[in-house]
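When you get a sec, could you build the whole thing from the sequences and use the hints?
According to numbering that gives the first Met the number 0, the sequence shown holds residues 0 to 369 in order.
Hints are computed from structural coordinates only; laboratory data are not their basis.
Accuracy of the hints is not assured; some may be wrong.
Said to hold, decoys possible - Here are the computed distance ranges between Cβ atoms for each label pair: (1) Ala273 with Gly22: 27 to 33 Å; (2) Ala99 with Lys292: 51 to 57 Å; (3) Pro298 with Gln344: 21 to 27 Å; (4) Thr283 with Trp30: 33 to 39 Å; (5) Val78 with Ala273: 35 to 41 Å; (6) Asp330 with Thr192: 30 to 36 Å; (7) Lys270 with Arg291: 23 to 29 Å; (8) Val119 with Thr283: 37 to 43 Å; (9) Ser266 with Thr202: 34 to 40 Å; (10) Pro50 with Gln306: 32 to 38 Å; (11) Gln123 with Asp287: 52 to 58 Å.
Claimed, not checked - When the alpha-carbon atoms are kept at most 25 Å apart in a straight line, the in silico SDA-like pairs for lysine to any residue are as follows: (12) Lys52 with Ile187; (13) Lys296 with Leu350; (14) Lys11 with Asn195; (15) Lys13 with Pro112; (16) Lys229 with Ile187; (17) Lys242 with Ile187; (18) Lys11 with Lys216; (19) Lys114 with Pro72; (20) Lys292 with Asp351; (21) Lys277 with Gly329; (22) Lys146 with Arg230; (23) Lys281 with Ala326; (24) Lys199 with Glu186; (25) Lys270 with Gly255; (26) Lys188 with Glu346; (27) Lys296 with Gln344; (28) Lys114 with Gly255; (29) Lys38 with Asp351; (30) Lys13 with Ala99; (31) Lys33 with Gly44; (32) Lys216 with Lys277.
Here a beta-carbon is modelled for each residue, glycine too, at the ideal position from N, C-alpha and C.
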Amino acid sequence: MKEQLVESDFLKVKYDFIEYYVGMAKMVVYWHVKALGFKVVAYCGPETGHPDKCSYYIVKNDIKLVITSASQPSSYQIVSFVDLHGNGIKRIAVEIDDVASFHQNALAGGAIPLKFPYTVSDVQGDVTMASVKIFDDNEIVFVNYDKYDGIFMPGYEAVNGNEWSFEPEESYLDEIDHIASALRINEIKVWETYFNNIFKSETVKCFDERIKDGQEKIGMYLKVLQTDNKRINNVLVEPDQYKSTQVQLFIDQNYGTGIQHMAFASSNIFKSVAVLRKNGVKFTSYPDSYYRKLKEKYPQLDVDKLQAHGVLCDVMDDSLLFQVFTAPIGDRATFFYEVVQRVNQYEGFGLDNIHALFEAMEEEVMMSRT
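Right under this line is the structure:
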């Protein structure tokens with residue numbers, strides 16, 4: 000029962016690192032450093048005794064990313080992922096107090112094991128890990144660092160010297176807010192149950208805009224899953240068979256299901272957008288009609304500032320959600336970033352904005368036809 004979990008891992012679990020598989024790690028790292036303000040902290044590769052890959056551990060406040068590419072053609076797991084899916088997230092790591100028991104509980108709840116608990120070691124100590132499968136080609140890693148004093152984990156060495164000694168302007172990206180995944184039609188219930196069983200999370204939002212009986216709908220089915228401590232937020236989205244959507248485009252371009260976008264929480268989204276845009280990051284633009292309707296509905300908002308920065312806004316009582324979406328960060332129309340700022344403990348996920356944007360875009364289409 001939930002009341003018995005007060006001291007358990009289920010209330011302590013949180014995102015740790017997110018690992019990408021990419022074609023050229025150094026190039027992707029460079030973009031994250033120069034465009035988003037990340038710092039290169041550690042490196043693992045042939046020079047550190049791991050001939051099959053090049054991995055960079057990069058950090059921005061509480062956001063931890065690992066960017067990995069194959070260092071030789073025989074690194075088939077990395078090469079085959081990138082060949083099929085392009086650059087994208089391979090694994091989500093969550094920090095756990097007791098990896099063995101958490102992994103066993105996950106299996107008892109229906110999780111599919113990829114790696115049973117194991118330990119990696121060096122002179123700095125031990126790191127314990129295990130992993131389970133998600134989606135077509137992704138995984139969740141459970142990790143514990145309690146017995147490790149190194150910079151990240153065994154195999155990684157601190158990055159020194161001038162190669163990555165940039166001093167980027169502050170981008171105000173603080174932590175991972177949520178992770179969103181694109182699923183095939185009729186998959187959402189499967190993965191909803193799967194995630195909720197693993198993390199003892201709950202489905203806190205459901206957004207059903209699938210087309211029925213010829214109705215004009217947005218054409219998607221979305222659910223938000225959240226742990227008790229609100230540190231793990233998974234957004235699952237299905238497309239609609241009757242409407243062409245960005246979700247189906249992701250599945251087509253990704254050649255399967257996977258992680259569509261990741262949202263970073265910002266302490267100042269307007270400064271984040273200004274800095275990122277100056278650094279070459281491209282954002283999705285929105286019609287003037289969206290902001291006109293927002294001003295009519297909420298005259299107290301500084302809508303001119305929102306529009307000037309291309310920021311969306313959702314209002315819930317006295318709380319606000321500011322959000323923006325980047326264009327896909329690679330060549331395929333797949334993975335992208337979202338930046339959000341929650342004001343006055345806003346706890347939603349901007350679902351009203353989906354409606355508002357849809358209506359605004361439909362209005363723009365109608366105006367273009369007159």
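Find the hints from earlier in the document that the structure breaks and name them by number, from lowest to highest.
Hints 4, 9, 10, 12, 18, 25, 29 and 32 not satisfied by this model.
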